[in-house]
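Residue numbers (the working numbering), protein chains in the order written: chain A, 1 to 404; chain B, 1 to 404.
One should not assume that every hint holds.
[Stated by the list, open to error] In silico PhoX-like cross-links for lysine-lysine, where the CA-CA straight-line distance does not exceed 25 angstroms:
id : chain 1 : residue 1 : chain 2 : residue 2
1  : B       : K372      : B       : K283
2  : B       : K371      : B       : K387
3  : A       : K56       : B       : K335
4  : A       : K283      : B       : K211
5  : B       : K387      : B       : K290
6  : B       : K399      : B       : K372
7  : B       : K399      : A       : K399
8  : A       : K399      : B       : K365
9  : A       : K399      : B       : K335
These are computed hints drawn from the structure, not numbers from a lab.
Keep in mind the model is a prediction, meaning the values are calculated, not measured.
Take a look at the letters that make up each chain.
2 protein chains.
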Amino acid sequence: METAFFEIAGGVTAPKGFRASAVRSGIREALSARNDLGLVISDFPAVAAATFTTNKIKAAPVRVSAAHLRASDTRAIIANSGNANACTGSTGIQNAKRMAQAVARQLGLKDRQVLVCSTGRIGRDLPIEKIEMAVPALVAGLNSGGSEVVARAIMTSDTFHKEIAVEIPLAGANVRIGGIAKGAGMINPDMATMLCFITTDAPISKRELQKLTSASVEQSFNRVTVDGDMSTNDTAICIANGQAAIPVMEPGQHSYDKFAQALNFVMRQLARMIVEDGEGVTKFVEVHVKGAATYQDARKAAEAVANSMLVKCAWYGEDPNWGRIMDAVGYSSAKVREEMIDIFFDGVAATQHGLLSSTPENTLKEILRNKKFTVTIDLHLGSAEYKVFTTDLTPEYVKFNMGE
Amino acid sequence: METAFFEIAGGVTAPKGFRASAVRSGIREALSARNDLGLVISDFPAVAAATFTTNKIKAAPVRVSAAHLRASDTRAIIANSGNANACTGSTGIQNAKRMAQAVARQLGLKDRQVLVCSTGRIGRDLPIEKIEMAVPALVAGLNSGGSEVVARAIMTSDTFHKEIAVEIPLAGANVRIGGIAKGAGMINPDMATMLCFITTDAPISKRELQKLTSASVEQSFNRVTVDGDMSTNDTAICIANGQAAIPVMEPGQHSYDKFAQALNFVMRQLARMIVEDGEGVTKFVEVHVKGAATYQDARKAAEAVANSMLVKCAWYGEDPNWGRIMDAVGYSSAKVREEMIDIFFDGVAATQHGLLSSTPENTLKEILRNKKFTVTIDLHLGSAEYKVFTTDLTPEYVKFNMGE
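Chain A on its own, in the form it takes in the complex (with noise of 0.2 angstroms):
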């Protein structure tokens, strides 16, 4: 079979005609000495795509992102962490505004060139004068190797920076995607404090781009949860340049599929580190519901499992208790027969025709205590089916949130 793609090292930067870099301008305290803003540039115009947060509250940066995204000929991604410029009303907007205008000017573009980002706390004035003063050496310091320090720079309680890229083989000429993501924390399907930026030097329209950015985010960002909870920032923006020597993608041909199918790669990759990296989790669940009567209802059940306290306590307590598992699946307003639910851990049978199985506990148990598990609940009653990335609820996960 042919190789579909590969992986290789450099990120954002590892297409053609991109660069990056990041530097600290104080956004945090004082004492921090890491970076705070990064910035991703494309040498030549490129077509952007993006899916932003559903949550009806939406950060300035996001509100003037969509705008700037009307723009067929952008050129750069600013994101700094820190401070998410969500919830600062006018002076947010007017924030946002100089955040893209600082490095549209250093760089000799319109502003609308310029996709803006933020990420970090809620409710306080982005320290914008410390963002406008970096701008310079922010530029200064772009480098095709830049994709690592940006990945750095934007995480906020992410403990590991989440980095990928891989090469396409076309006849013609290799396709390169590359991406980087922070999460950690509030992460939901709808996207939640996650932010996503993936580079390519794919030739592909503006409204393809979109089609498949769509379809990818919904493949991978929204089928991972950590805690329900959705974010005012999040935001997935993919640009491409065009910089591949080969025909333009169009729907239908070789290149296009295998380009999607890569993209799909891509996103699925981030997303699964963004679980990796939740706060505090021990357990790294998927949720698989199939057998579902409509693919609404499957997603309605996988969701309420996923993110049900109880269900994730168990987990982390390694309990293979399917009761729970079964109440979270009652309540999910899913259409259920409860007489035809099966519950397997990882293929085991813990729940037989909606009653406890034959399997001795300790067989379900030894599989709880692997850190990583599926629990997959199939309701006889239809063909749709749902898979959703999750984590156990943990006292660590707690403290972690119980303050700024």
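Given chain A's structure and the hints, the job is docking chain B onto it.
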């Protein structure tokens, strides 16, 4: 002003013609010396009303009691702790029927005159023989001061028993209402791992009793939430034997209004006790959403805030983090306009017009140090409001719920 009612001792045996008792049947492991089986009877045929869990997975006793509730000559409620008799299939139904039957035989009643409730772990067959063997002693022990032992026998992880009674002075005779309840963990709107038994000597039709019971449950048990989960066994039962020497109460009458008011009070007090006994919690928080465009909006926003893990962690940390509250309001699907939202802790503004208020953070932190406080969220879009009573999320909650 006339006293509408006042509290008295005696719980469910305070009203005329009720007796109760409890025994240890051995449902729990051999080492536990706790009673696990309770019985409340009316010495006269009574009308009964009930609300049951809305979970689609309903425990066997819920199904059996719902059927028995069609009778208009109810005499008894039998309840066990230690086993939920949920997800137990046809054996479970048989066992729930046998539990009612055991009481009926011993007292010379029809099976339908006995309601049955269970609470405990899901998915294990009820040790019905142990229960049947214990019923003669249970019946022999019935006495007019037995309320407290039943309140204790139905406790699972509860740390204190929940009991109340009130007397309503009326021209002619006094009417009494008594109640016991159990809760702790898995407490959520729509009734959750919650049992509540209310007795009264009021003369009232079955139809009116059901109306008042449903309304009171909506204003009490459906307004408390600990973790957002909903159980398979939740049941609130109200039985009225008409032994108070007053005319049958009808809507529009003074006696009916006073009774309704007192019944509300009884259920609200029991609901508050349940939240105050939430597993491992340290804060008791009233979330009050007002100024919503619709009642459903107010409810959705209040429940999103009350069930947000991140908001609850911040309360545990005594952090007046209003950004997480804004975030939850934003994803609640309620209609909101960010720039209209005010948030108050105990009436002190944390957020005004969607922005950080001028209140010094230390003033807010001091409020969060209290064991009880109110979070008021004014959406300024209409006049609908909703209140829900909830708790923080603590490391102890997680530890408590990690195993059986």
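Here is what the structure says about each hint:
Proximity of K372 (chain B) to K283 (chain B) is assessed by CA-CA distance (about 6 angstroms); at most 25 angstroms being required, the pair is judged to hold. With a CA separation close to 18 angstroms, the supplied pair K371 (chain B) and K387 (chain B) stays within the 25 angstroms bound. Among the hinted pairs, K56 (chain A) with K335 (chain B) is consistent with the structure: their alpha-carbon atoms are about 8 angstroms apart, no more than 25 angstroms. A C-alpha spacing of about 46 angstroms is found between K283 (chain A) and K211 (chain B), which places the hinted pair above 25 angstroms, so the restraint is violated.
For the proposed pair K387 (chain B) and K290 (chain B), the alpha carbon gap of about 9 angstroms is at most 25 angstroms, so the pair holds. Among the hinted pairs, K399 (chain B) with K372 (chain B) is consistent with the structure: their alpha-carbon atoms are about 23 angstroms apart, no more than 25 angstroms. Restraint check: the Cα-Cα separation between K399 (chain B) and K399 (chain A) comes to about 13 angstroms, which is no more than 25 angstroms; the hinted pair holds. Note on K399 (chain A) and K365 (chain B): the hinted pairing holds, with a Cα-Cα distance of about 17 angstroms set against a maximum of 25 angstroms.
About 32 angstroms separates the Cα atoms of K399 (chain A) and K335 (chain B), which puts this hinted pair outside 25 angstroms; it is violated.
Comparing the model with each numbered hint stated earlier shows that hints 4, 9 do not hold.
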